[in-house]
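Protein chains in written order, with the working numbering: chain A, 1 to 345; chain B, 346 to 690; chain C, 691 to 1035; chain D, 1036 to 1380.
It cannot be assumed that every hint is accurate.
[Stated by the list, open to error] Here are the simulated EDC-like pairs of lysine to aspartate or glutamate, each with C-alpha atoms no more than 16 Å apart in a straight line:
#1 D:K1230 / B:D399
#2 C:K885 / A:D196
#3 C:K970 / B:D399
#4 D:K1179 / D:D1168
#5 B:K625 / C:D781
#6 D:K1315 / A:D54
#7 B:K540 / D:D1231
#8 D:K1183 / D:D1109
The set of hints was computed from the structure by calculation and includes no laboratory data.
Because the structure is a prediction, the values reported are computed rather than measured.
Read off the chains here:
4 protein chains.
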Amino acid sequence: MSNKKLSVCIIGASGYTGVECYRLLLQHPNIKSISLVANSNVGMQLSALYSSFDGSRHDANLLSIEAIDFKTTDVVFCCLPHAQSQKIILDLYKNYEHLKIIDLSADFRLNDTKVYESVYGTKHLSPSLQASDVAYGLSELVSKDELKQKRIIACPGCYPTSIIIPLKPLLQEELIDSQGIIADSKSGISGAGRKDAVQFLFTERSDNIKAYSIFNHRHTPEINEKLGVNIVFTPHLVPIIRGIESTIYARLTPLGYKTNIHNFLTDFYKGHQFVKTSLKPPSTADVKGTNNIKIHAEQQGQMLVMSSVIDNICKGSSGQAVQNMNLAFGFDETTGLSHLSALPV
Amino acid sequence: MSNKKLSVCIIGASGYTGVECYRLLLQHPNIKSISLVANSNVGMQLSALYSSFDGSRHDANLLSIEAIDFKTTDVVFCCLPHAQSQKIILDLYKNYEHLKIIDLSADFRLNDTKVYESVYGTKHLSPSLQASDVAYGLSELVSKDELKQKRIIACPGCYPTSIIIPLKPLLQEELIDSQGIIADSKSGISGAGRKDAVQFLFTERSDNIKAYSIFNHRHTPEINEKLGVNIVFTPHLVPIIRGIESTIYARLTPLGYKTNIHNFLTDFYKGHQFVKTSLKPPSTADVKGTNNIKIHAEQQGQMLVMSSVIDNICKGSSGQAVQNMNLAFGFDETTGLSHLSALPV
Amino acid sequence: MSNKKLSVCIIGASGYTGVECYRLLLQHPNIKSISLVANSNVGMQLSALYSSFDGSRHDANLLSIEAIDFKTTDVVFCCLPHAQSQKIILDLYKNYEHLKIIDLSADFRLNDTKVYESVYGTKHLSPSLQASDVAYGLSELVSKDELKQKRIIACPGCYPTSIIIPLKPLLQEELIDSQGIIADSKSGISGAGRKDAVQFLFTERSDNIKAYSIFNHRHTPEINEKLGVNIVFTPHLVPIIRGIESTIYARLTPLGYKTNIHNFLTDFYKGHQFVKTSLKPPSTADVKGTNNIKIHAEQQGQMLVMSSVIDNICKGSSGQAVQNMNLAFGFDETTGLSHLSALPV
Amino acid sequence: MSNKKLSVCIIGASGYTGVECYRLLLQHPNIKSISLVANSNVGMQLSALYSSFDGSRHDANLLSIEAIDFKTTDVVFCCLPHAQSQKIILDLYKNYEHLKIIDLSADFRLNDTKVYESVYGTKHLSPSLQASDVAYGLSELVSKDELKQKRIIACPGCYPTSIIIPLKPLLQEELIDSQGIIADSKSGISGAGRKDAVQFLFTERSDNIKAYSIFNHRHTPEINEKLGVNIVFTPHLVPIIRGIESTIYARLTPLGYKTNIHNFLTDFYKGHQFVKTSLKPPSTADVKGTNNIKIHAEQQGQMLVMSSVIDNICKGSSGQAVQNMNLAFGFDETTGLSHLSALPV
């Protein structure tokens, strides 16, 4: 295992995924320095945005991107919204060959750049780069070599992470039909980001549930591309802060029918320390603040129903980003993440 | 329209569905008196259990069942748990021929009493009664004559109401396949009742989501029996007080493929004032405290996804009970319910 | 009692107090028409902002102020933010002599216009008007004549309502010291308004409590002016949607020491149907959606502690506005408000 | 600093404070073994009660007290309810001289055992022990020697911790009057414990605030005894899971008037790593899951208002218990606690 100490820069440190990267990297033994860039809050302290840092020795200045010496930076975590992200990333990619870029946005997630453009309504600035130097960072399902070699690691969307991890092995082993898969996800409100939008106010979301983006959520093409099948995906907004629960419905093949899916998944993910299988439906609170995904699988006749839970900001975004960094730099996969535990109450 | 004034008795008035019946009947113009029975709280005031009644002129004594003169009672709303309910009801049925009995429990919901016994783990005390003198009170889909004639009205479960109303017409008209229907429901915690159980404590449920009773919720046989098909149903506990959102997945038949399902449902339920269709996915808060069900239908290719919302205690239970009483007694269906409106915030 | 039917206009209908006025006036028997003005949302339907109106027959167009024929309007409810409000109001006041103006903002609450300017950082546009034609609409404590005669009714702030109603009679009767009064209030998040501000996002406010504006909340000078004493007032943000609980601490005078304060307040407010006294500390949920204030008073030795609860949008704002309209126009004070009841769960 | 490795036993491990002790001790470098006693759940796994431990290597058996070899145990954390606690503790005290007993209940908090009996309605089983071998474990304000020498450490109540820490130094230095101090506290629902009581159900507490135990909360005599003055204390139930915010009102003496209280407290607690002072009112979320207390002090004229926040289960109970253990055994005070950090969102 490597003993390297890295200098990292978080771009977009004022958003939820940005500050979560910071929270995780602060406790990472292989990090020697962290700089925070937040162009719209330059000059402010992080504690001005996140009061939990007030008075903490970890409070930090928010800098402009121009203030960063990327020559001495090893890794950039880019936590900007899509479209903005790729501009910054391409610039860094061109000018700093040594730089490892971990992108938490959607900009490099899709191999098919035409689909990207259609889904995100913005031009993909470098299809050739997409094809040649990007790894899709679903940590458990991508090779370490990919993560080591590719200069850009595109971290998956939160919903895709919660859905692909349970499904991919079952599709690979032909235990389930490729047709008719349904994923019904319930997400905490942090998934919307730290955006001042009326619909995410406490008054609008508390004590309230609704489905949204039926048939047209941006994550569906990503899920479909990575699974190689077309699923029906319905997200919902639910009044919790962090967490995604995904209930996944699939039809078992004759082979799947004879298989104990819970055991299969347990075996498949043996050695992957963040993937837990559970004999009971898990609660989102079980994984809050951790990089774990917990999966419960139940089958009756030809029907398979799985329930997975993740913390959308951690395993659904920043935790997985750090996990990818670990794999890319030859650290133990769980470095800086294994100590995380959910509050029992 | 009838101008009768009814004397009603609520048995099990200390539970949520019981006190909700009371809340609704208090504002019903055709009610002349309401007595409240709560055997485990005899002698207490309702306000001792529900502080919103403290100091209200509607505060009332909780009586024992022996204190009620059923000879002068017109309607009984039985809000006891299953198994307890049927005992009380059979006794009343035998001794008071004039009495209309509206049961909010599960005891008389299933035509197939063997299924009832298997699902609820308790003997059905009168299969012949089940067959001859019970109406299943899903108000929009049962005939007024049924409700008028049958002495026992069995009110549906909350989840079944939210799922059957959108699906039944589509199955009747063969717009969707009978196979492969999936309902994924998210319920507020009041659905568990006013039971002191640790898992329903604020500390356990707040900021937390989980699926439960996968493949084996008691409401599934009820849904299946009434729809005449087998669906897969997965309920979830979500941290809201009142509300159920059900996302329903079905495959369109060739006929359904050519049909605008939103328009079809709008037409089908024209004249049914509590069934609203919506061009956008509805929020549970839209119907909180009301007897409305709001349904949104979207179709893409052969797939149909619907999202319905109800208030689980109102349209999912007590509101529908009052609605059934209205139909049974020849009142306008909306009497005592039409004034209800959700708080806009 | 008058039988007049009024035409009303709500200016600023897109905010919480505006839509709450609408909710209440819709069920008011003496209202013949309601027009909604929301200059920043002209052309939209109310349901585009408040989905509970989607599909409702009460959904309405949001108009520009220019579209209103004030010549045929009887009452204006002005629900704009302070500073904006007075501009509109002065214009209406000058041009439409018959118009009754009910202001829900802070602009005309303070008699001392210099204090107003210092507290709200904006010039008071008409001190002479303030002195001559404004009634401070704390309904239980202002005379009907005032409300009838003055053309502008300034509705109190939400915190002041919850604090003045319990305290004023005690000060008048010299039952408590004028020195050393403390009010500690906990408010639901709707008190901040329907503003897209990050600090009121669900993610920021859920599962979180904090004090704010210690010593300098804008409502303190209002409370002090109306009570004629200086109190210490500390507000807090608490994760509920609607509600204010105010805990009030005061020292009893020798006369107060011998007085049963609970009984005194019960007598004082006899005949005032929205003021309830309670022998136990009340819950904010007891009054949610209603125009009630519930007050509990306990004394030990020379110390008096009171706990009052209101719904900040109803009795704390729009409900009291409607109550003032009732008194001003000779309707029964409770018209359109008495049917409101809190959900028992 | 000591390098000892301790064997600990948690009695009452199934309650919230018990499982929180476990959560903290699991990450403590000086703990070599932890056994969990929960007499009413003997034979169960901890994960049967706390699903976050499901599948975790830290899941553990719940044992009966008879199964514990106290001869080889160094420390007992007693997390039983009051009255039960003292029975167990006295038994252990008599039979195991080496044993350090850390009591999280109220049984040994009060020096005046007559007050204890009156407040808790139960006989104090050993007043002589109370007088001779008990240390009151408010870590920042008790001497290390006390904690080292006394065999029983009585951990303070949660509210008292949040109130005594800000007030004690001010009283000692005569910066505030001893008369007229008021503490108004707002607590999360976990403070009630893991008790199946209807009033703590999600349905009863969500979206709801109320005061309780006005003038008579059991923690008031404890606060008064430790401060040496009589304060007025009012607790409130607020819908958050963990957290207490206490707003404290006091009158400054002439000396206090000239003192910058914020600076004074900052200096007083310099070197006490868990006590933070803040220039802005703190949020309970800032300290959630941590052993920190954050205090904000503002003064205007002769009035001082302070707002303090703690996590009621951590610094308010189990965190402080571990902190006391550290001090008693010569570990750095922050061992096993310093890594704790609040989630930024």
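Hint-by-hint comparison with the structure:
no. : hint              : result
1   : D:K1230 / B:D399  : 25 Å, violated
2   : C:K885 / A:D196   : 8 Å, holds
3   : C:K970 / B:D399   : 9 Å, holds
4   : D:K1179 / D:D1168 : 14 Å, holds
5   : B:K625 / C:D781   : 40 Å, violated
6   : D:K1315 / A:D54   : 9 Å, holds
7   : B:K540 / D:D1231  : 8 Å, holds
8   : D:K1183 / D:D1109 : 13 Å, holds
The structure does not agree with the numbered hints 1 and 5 stated previously, though it agrees with the rest.
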